[in-house]
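**Student:** Chain X: place on chain H using the hints.
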Amino acid sequence: QKEVEQDPGPLSVPEGAIVSLNCTYSNSAFQYFMWYRQYSRKGPELLMYTYSSGNKEDGRFTAQVDKSSKYISLFIRDSQPSDSATYLCAMSDTGNTPLVFGKGTRLSVIA
Amino acid sequence: NAGVTQTPKFQVLKTGQSMTLQCAQDMNHNSMYWYRQDPGMGLRLIYYSASEGTTDKGEVPNGYNVSRLNKREFSLRLESAAPSQTSVYFCASTRSHGGTEAFFGQGTRLTVV
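Top line first, the protein sequences correspond to chains H and X.
Okay, so the first sequence: first residue is 1 according to the working numbering, each after it adds one.
Okay, so the second sequence: first residue is 112 according to the working numbering, each after it adds one.
Same shape as in the complex, but just chain H (with noise of 0.2 Å):
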């Protein structure tokens, strides 16, 4: 079993629908949770990232870490079609590790 879960999609929706994107992890060590997007022929880059247990709000775009299930998630509220890439979460542990990162989620947000 891979340390990090992530459903490859392709996942396609309609502009303004919610986006739910989701990780699981088994590695219990891990204390930093990231989201990284990353769009056609690019480099990723840090979307969010949140410490521990809870959740992050950035504008319409809600982070979730639920450590006891280890599941973290990723919420897009009224998509654009300006959201279209591949989401990768990412996750480390106390620091002294490189980051370990899921396969990446391809998201498709149609006008």
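These aren't lab readings, by the way, just hints derived from the structure by calculation.
Hints may contain errors.
Said to hold, decoys possible - Straight line, CA to CA, 30 Å or less: simulated DSS-like cross-link-like pairs of lysine-lysine: (1) H:K42 - H:K2; (2) X:K168 - X:K120; (3) H:K2 - H:K67; (4) H:K56 - H:K2; (5) H:K67 - X:K182; (6) X:K125 - X:K168; (7) H:K56 - H:K42; (8) H:K42 - X:K168; (9) X:K120 - H:K42; (10) H:K2 - H:K70; (11) H:K42 - X:K125; (12) H:K67 - H:K56; (13) H:K70 - X:K168; (14) H:K56 - H:K70; (15) X:K182 - X:K120; (16) H:K67 - X:K168; (17) X:K182 - X:K168; (18) H:K70 - X:K182.
Unchecked claim - Pair by pair, the computed Cβ-Cβ distance ranges are: (19) X:N173 - H:I18: 40 to 48 Å; (20) H:R77 - X:T126: 44 to 52 Å; (21) H:R106 - X:T116: 21 to 29 Å; (22) X:N139 - H:G9: 30 to 38 Å; (23) H:K56 - X:P119: 36 to 44 Å; (24) H:R77 - X:R155: 30 to 38 Å; (25) H:G16 - X:D167: 40 to 48 Å.
Glycine included, every Cβ here is placed at the ideal spot set by N, Cα and C.
**Tutor:** Just chain X now, with coordinates in the frame of chain H:
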């Protein structure tokens, strides 16, 4: 503000040829990484350098070597390219090892025929 710069952006190699992928960052970051990205496989870590003067193997190091030339530059070398090394290669850097914000380059698309 260049961030992380990779060269070249595209390359076609014949099986058995060698080449070096260059990466430079201008953010004074301590840690640098090389990943490969393949369809359905996600980002896989090849090698990393936690700090200047150190390098370590990642998940898929076979067939590759690296050099941390100085704090800014981290190169990846393919000594004898194989078709299985056809991929998109990304260099990344973080302020410290395991840092939450990794900055990525634009990628190098390598095809080995």
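**Student:** State for each hint whether it applies.
**Tutor:** Each hint, compared with the structure:
| no. | hint | result |
| --- | --- | --- |
| 1 | H:K42 - H:K2 | holds (25 Å) |
| 2 | X:K168 - X:K120 | holds (24 Å) |
| 3 | H:K2 - H:K67 | holds (17 Å) |
| 4 | H:K56 - H:K2 | holds (26 Å) |
| 5 | H:K67 - X:K182 | violated (36 Å) |
| 6 | X:K125 - X:K168 | holds (25 Å) |
| 7 | H:K56 - H:K42 | holds (26 Å) |
| 8 | H:K42 - X:K168 | holds (25 Å) |
| 9 | X:K120 - H:K42 | holds (11 Å) |
| 10 | H:K2 - H:K70 | holds (13 Å) |
| 11 | H:K42 - X:K125 | holds (25 Å) |
| 12 | H:K67 - H:K56 | holds (14 Å) |
| 13 | H:K70 - X:K168 | holds (27 Å) |
| 14 | H:K56 - H:K70 | holds (17 Å) |
| 15 | X:K182 - X:K120 | holds (22 Å) |
| 16 | H:K67 - X:K168 | holds (29 Å) |
| 17 | X:K182 - X:K168 | holds (18 Å) |
| 18 | H:K70 - X:K182 | violated (36 Å) |
| 19 | X:N173 - H:I18: 40 to 48 Å | holds (43 Å) |
| 20 | H:R77 - X:T126: 44 to 52 Å | holds (49 Å) |
| 21 | H:R106 - X:T116: 21 to 29 Å | holds (26 Å) |
| 22 | X:N139 - H:G9: 30 to 38 Å | holds (37 Å) |
| 23 | H:K56 - X:P119: 36 to 44 Å | holds (38 Å) |
| 24 | H:R77 - X:R155: 30 to 38 Å | holds (32 Å) |
| 25 | H:G16 - X:D167: 40 to 48 Å | holds (46 Å) |
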